[in-house]
Amino acid sequence: ETGVTQSPTHLIKTRGQQVTLRCSSQSGHNTVSWYQQALGQGPQFIFQYYREEENGRGNFPPRFSGLQFPNYSSELNVNALELDDSALYLCASSLEPAPQETQYFGPGTRLLVL
Amino acid sequence: AQSVTQLGSHVSVSEGALVLLRCNYSSSVPPYLFWYVQYPNQGLQLLLKYTSAATLVKGINGFEAEFKKSETSFHLTKPSAHMSDAAEYFCAVTPAGTALIFGKGTTLSVSS
Chain A
1 ETGVTQSPTH LIKTRGQQVT LRCSSQSGHN TVSWYQQALG QGPQFIFQYY REEENGRGNF
61 PPRFSGLQFP NYSSELNVNA LELDDSALYL CASSLEPAPQ ETQYFGPGTR LLVL
Chain B
1 AQSVTQLGSH VSVSEGALVL LRCNYSSSVP PYLFWYVQYP NQGLQLLLKY TSAATLVKGI
61 NGFEAEFKKS ETSFHLTKPS AHMSDAAEYF CAVTPAGTAL IFGKGTTLSV SS
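Same order as they appear, the protein sequences are chains A and B.
Counting with my numbering, you get residues 1 to 114 for the letters of the first sequence.
Counting with my numbering, you get residues 1 to 112 for the letters of the second sequence.
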């Protein structure tokens with residue numbers, strides 16, 4: 001059984017650019033959540049997708065957007081990058097969007113904005 | 001608002017000693033609670049979770065945690081630390097929604 005995978009592993013962008021991060025969910029999982037983890041901090045919830053629809057959003061501006069595809073893989077898009085967007089971006093998948101469901105995390109994409 | 005507080009950003013123990021990582025939560029509804037571990041340059045791995053069944057929860061790698069409603073705590077313990085336990089540990093809660101709310105994490109160092 002393949003776990004959650006993310007690409008790319010590392011990325012360097014400059015301020016104002018746009019970036020797309022990708023996530024493949026674990027087999028059988030229809031729910032994907034994205035988190036931002038700044039250095040030395042705990043992950044913060046960005047948003048969640050369930051069956052191709054947004055199913056909850058954290059306190060992030062609209063320039064953070066996402067998609068979920070029919071195969072339940074997902075993308076996180078960030079427009080107009082700012083220096084503070086430098087972080088580890090984690091994707092997690094779960095069987096369903098229930099609070100007791102375990103979220104299984106990928107290895108993350110480390111984004112550096114210069 | 002729901003939140004998680006991890007007391008002690010850094011805990012150091014000797015190999016073979018008891019590990020105790022503290023987590024207190026704030027929630028207006030019965031919570032679901034999780035402990036995750038993060039090794040350097042990796043994602044998060046679930047250690048254990050509390051979903052309102054048994055209050056003493058056993059997880060992987062010899063870790064366990066006890067849910068104490070009266071103290072709003074969910075502390076993580078391991079009787080005997082191993083060098084491989086050195087990592088960052090995160091307590092998280094999903095009070096009612098689907099987002100995990102994480103604490104700031106505790107770095108566990110294990111010395112020989």
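Check before you lean on any hint, since a few could be wrong.
[Claimed, not checked] Beta-carbon label-pair distances, calculated as ranges:
#1 B/Thr77 / A/Thr5: 26 to 34 Å
#2 B/Thr107 / A/Ile12: 37 to 45 Å
#3 A/Leu112 / B/Thr77: 34 to 42 Å
#4 A/Asn79 / B/Ser84: 39 to 47 Å
Bear in mind the hints are in silico, worked out from the structure with no lab data behind them.
Just so you know, these numbers come straight off a predicted model, no measurement behind them.
Where is the CB? At the ideal position from N, CA and C, for every residue including glycine.
Hints, verified against the model:
1. B/Thr77 / A/Thr5: 26 to 34 Å: Cβ of threonine 77 of chain B to Cβ of threonine 5 of chain A: about 33 Å, so the range 26 to 34 Å holds.
2. B/Thr107 / A/Ile12: 37 to 45 Å: violated (26 Å)
3. A/Leu112 / B/Thr77: 34 to 42 Å: About 37 Å separates the Cβ atoms of leucine 112 of chain A and threonine 77 of chain B, which means 34 to 42 Å holds.
4. A/Asn79 / B/Ser84: 39 to 47 Å: The hinted range 39 to 47 Å holds for asparagine 79 of chain A and serine 84 of chain B, with Cβ atoms some 41 Å apart.
When the structure is compared with the earlier hints, a violation turns up for hint 2 alone.
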